[in-house]
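The primary structure of each chain is shown beneath.
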Amino acid sequence: MANVIVNRVKEFLKRYPPFSFLSEDSLEQVAKEVEVRYFSENELLFEQGDPAQQYFFVLKEGSVLLTEKKDGQEEIVEVCDEGDVFGVLALLGKRPYLLNARVKEESLVYAIPVAVFEKILHENSRVGLYFAAGFASGQVVVRTDLSQSQKARTTFKEISRDSGLLIFTGQSDLNYSSDVLTCPQHTLIRDAVAAMAEKGVGSIVIVNEKDHPLGIITDKDLRNRLIARNKSYDTPVEELMTTPVITKRKDAAFSELYLTMIKNRLHHLIFTEDGSSDSPITGILSDHDILLSQGNSPAVLINALMNTWEIHEMAKIRDRAEKLLAYYLENEVSIEFVASIISEINDIIIRRAVEMAKKKHDPDFPEISKVKFCFLSLGSEGREEQLLRTDLDNAIVFENVPLSKVEETKEYMLLIAQQVIEILLACGFKPCPADIMANNPKYCQPLSTWKAMFSDWIHSPNQQALMNATIFFDYRAIIGNKVLAEELTEHIYNEIAGKSIFLNFLAKNALLNPPPLGFFRNFIVEKSGEQKDKFDIKLRAMMPLADIARLLVLSHRVVGINNTFKRFEKLADLEPNYRELMLEAGKAYEILMRMRAIEGLNSGSSGRYIQPEKLGKLQRQLLKNAFAPIDELQKIIQVRFQLGYFRN
Amino acid sequence: MNWLSRIFGKELPKTAFVETYESLFEKPIPPMRPISQLTFVVLDTETTGLDPKKDFIISFGAIKLRSYVLKIDTAQEIYLKTPVKNKEAIQVHEIIDPIEGLTIKDFAKQFLDYIGRDIIVGHHIGFDLLMLEKVLKPFGLKKLLNPVLDTQYLAMRLEKGPHYDPSMGKPGEYSLDNLCERYGIELDDRHTAAGDAFLTGQLLLKLLKMAEKKGIKDFGTLMR
Chain A
1 MANVIVNRVK
11 EFLKRYPPFS
21 FLSEDSLEQV
31 AKEVEVRYFS
41 ENELLFEQGD
51 PAQQYFFVLK
61 EGSVLLTEKK
71 DGQEEIVEVC
81 DEGDVFGVLA
91 LLGKRPYLLN
101 ARVKEESLVY
111 AIPVAVFEKI
121 LHENSRVGLY
131 FAAGFASGQV
141 VVRTDLSQSQ
151 KARTTFKEIS
161 RDSGLLIFTG
171 QSDLNYSSDV
181 LTCPQHTLIR
191 DAVAAMAEKG
201 VGSIVIVNEK
211 DHPLGIITDK
221 DLRNRLIARN
231 KSYDTPVEEL
241 MTTPVITKRK
251 DAAFSELYLT
261 MIKNRLHHLI
271 FTEDGSSDSP
281 ITGILSDHDI
291 LLSQGNSPAV
301 LINALMNTWE
311 IHEMAKIRDR
321 AEKLLAYYLE
331 NEVSIEFVAS
341 IISEINDIII
351 RRAVEMAKKK
361 HDPDFPEISK
371 VKFCFLSLGS
381 EGREEQLLRT
391 DLDNAIVFEN
401 VPLSKVEETK
411 EYMLLIAQQV
421 IEILLACGFK
431 PCPADIMANN
441 PKYCQPLSTW
451 KAMFSDWIHS
461 PNQQALMNAT
471 IFFDYRAIIG
481 NKVLAEELTE
491 HIYNEIAGKS
501 IFLNFLAKNA
511 LLNPPPLGFF
521 RNFIVEKSGE
531 QKDKFDIKLR
541 AMMPLADIAR
551 LLVLSHRVVG
561 INNTFKRFEK
571 LADLEPNYRE
581 LMLEAGKAYE
591 ILMRMRAIEG
601 LNSGSSGRYI
611 QPEKLGKLQR
621 QLLKNAFAPI
631 DELQKIIQVR
641 FQLGYFRN
Chain B
1 MNWLSRIFGK
11 ELPKTAFVET
21 YESLFEKPIP
31 PMRPISQLTF
41 VVLDTETTGL
51 DPKKDFIISF
61 GAIKLRSYVL
71 KIDTAQEIYL
81 KTPVKNKEAI
91 QVHEIIDPIE
101 GLTIKDFAKQ
111 FLDYIGRDII
121 VGHHIGFDLL
131 MLEKVLKPFG
141 LKKLLNPVLD
151 TQYLAMRLEK
161 GPHYDPSMGK
171 PGEYSLDNLC
181 ERYGIELDDR
191 HTAAGDAFLT
201 GQLLLKLLKM
211 AEKKGIKDFG
221 TLMR
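From first to last, the protein sequence lines are chains A and B.
Numbering follows full-length UniProt numbering, with no gaps: position 352 of the first sequence is 352.
Numbering follows full-length UniProt numbering, with no gaps: position 95 of the second sequence is 95.
Derived by calculation from the structure, the hints in this document are not laboratory data.
With a Cα cut of at most 20 Å, we get these calculated EDC-like pairs of lysine to aspartate or glutamate:
(1) Lys482/A / Asp347/A
(2) Lys213/B / Glu105/A
(3) Lys263/A / Asp347/A
(4) Lys217/B / Glu43/A
(5) Lys214/B / Glu41/A
(6) Lys360/A / Asp218/B
(7) Lys142/B / Asp106/B
(8) Lys217/B / Glu41/A
(9) Lys71/B / Glu11/A
(10) Lys119/A / Asp73/B
(11) Lys430/A / Glu26/B
(12) Lys209/B / Glu41/A
(13) Lys60/A / Asp73/B
(14) Lys104/A / Glu212/B
(15) Lys430/A / Glu344/A
(16) Lys213/B / Glu310/A
(17) Lys60/A / Asp188/B
(18) Lys213/B / Glu313/A
(19) Lys214/B / Glu105/A
(20) Lys587/A / Glu575/A
(21) Lys137/B / Asp55/B
(22) Lys442/A / Glu411/A
(23) Lys14/A / Asp73/B
(24) Lys213/B / Glu41/A
(25) Lys214/B / Glu106/A
(26) Lys359/A / Asp218/B
(27) Lys213/B / Glu106/A
(28) Lys217/B / Glu310/A
(29) Lys209/B / Glu310/A
(30) Lys624/A / Glu613/A
(31) Lys14/A / Asp188/B
(32) Lys209/B / Glu106/A
(33) Lys14/A / Glu186/B
(34) Lys250/A / Asp211/A
(35) Lys213/B / Glu43/A
(36) Lys217/B / Glu313/A
(37) Lys360/A / Glu408/A
(38) Lys104/A / Glu68/A
All chains should be modelled from the sequences, with the hints used to inform the complete structure.
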């Protein structure tokens, strides 16, 4: 049916190149996907250094300036007029924007998703040439003729040399200092500081007579532990130093070094000969060194997150993290590392959100705001496996308060939870369809109620309750009073001891989804509905593995390992008979996580539904192989938990 | 006409799609939800006349707005099979015999499915709501449950403050034509439902940005 709205967009685009080269049909395809945005004066559409968005822009009305920041000054490079196309260069070159697009007068802008256009670009050589010419003329692709395409080629070459997102280079790029400033214990702080000043460094490592590192003092320690506390300059260094120090070998894998620093919030990591603190010091790596070597790295993102209280800014940084994820996946970086980094970034956002919520609501609840609570992530985020921003699952546990206070406490906690959820939604996460979120009064409870809920699940399990409850067994404390979470964990393990019926139920649950291979070893695909002919990788492959890992780890009463692949690793140790199988299962889970994330990034979805016929041969094989351990593990569980007697 | 008599009947049984629609509203939108996280469905209807009792919807147009973005792929333009033809209205709208008109039932179903729990926006929306509710009544829906925002009211509130009495101003000062002119929105396709919905959508974009500058940033303050 002809649509007035699509037509109107079409009529406008048609007046300007390159749209004027398009056929009616192609133009209609483009027009249908357009997004209309409005910007007020001085707003930025994109900023120098931002990763390319999935859109390029056509100015519908108003005026936009393309500017360049040089020595702190913003210089105008180009003025865009009605019908001008801009922001294409970054998109086609797949690299960050070189200029700012700043709105001079309030403007309506058509954003055109590159996905629709890319196809047309390939089909229509005139459009391709037109854009190539645009590269030569600068940022704005308009009012140029095709004679410049020759010049465009040279520019193209330069672009291809650019590595685009500078994210994850090898260790060779890492500059660390091998000349470390050290001093013996008993040195007075005044002498240590003098040495630091003379050498112009921000840290000093305290070593014993064998040159083994004992502790470290940084500029910040001088400020916080010496001057602020009004201590004498004759204080010995060991009174001020941070100890013990965290050490690594300097040839340790870059990802390991990185992770150690990020996880422990280290500003300095010390290298020693054998990597332990009982060997001589060989170098020091600062977070600044890492910043310098990594353009758009986790360290940069985390640093940026720690320095903002703006929701909008946080959302932008989380989007950048997704680019990082795509890069990691493309480059086959280990899933364990990727998952840790992304979880860390997610955790920081949640922590920030909780702090922001407290700032907002604490003044209205002077008493209640002192009640201890802990914010828990559940499900995949709890297991540190959430690569994409899929559904939120979380909860709040707060300390037991007198009966008279429960109502008001809950009111406060729910306000905090609601605010946190709003911030997370703004950062691109999706709400949980089953409403398992901290802003649901059911899942914002005092410790005693949580204990009772878990006891109830364990003592009188029923199938439906357990299916939901599996989400809760993978909780992880994110911020707040972690003792509450630990107490809950202890309660759960005490309750499970000797309750074989509960494990049987859990086992039954783990077998709900049979191995996803059909009779002819074909994929079982969805038979109807929107996802027809697609393979549900979450339900049919990942959930069975996650369920099995949880069950077996619980049956061994192992605490504190939430990760599915780490659980399988632990199980390999606990069950030497099945060592190979467990390791294989862990590996399979990693492969599935990677596939789902790649699918999600490519299709802009949760990645849950995969089209088997779109997979390459190798990927299909990998996927099929990943199912083998599910089958075997399910057979073991069948026997071990005597489910033959337990049916129905 | 069978469905006409049903309108005036008393208790009408709820159809499944009405029940599905109503179940969407079990939880209200929290007041602190930022505007950037809200979805607005901007709509307009063309009718056979101005009397909700006698007249009917001829066509319906709508587009959705989310994160301050109007998404063309959400645009809708629907023509309805109407039992009555009104000469005057046909002269204004130039819609004589819609080719692919939907039945009232198909429209009602599709409409509820499309709007979901989004915020309904329109210019002088009260009339459109009456007409839409009339269409939905035979299927057991008494009232639309979505939050409603009127761009006419929003423009007045932003320009003149919340206590402005529109009867004091110049007549037509807040008509869609006048507002579009004032906010630099190019007028065309006037008096088609989809065309007016698109104009209203662009107006909403600009008004929301203006509101943001005045500190109206979340659902609670926007709907106050």
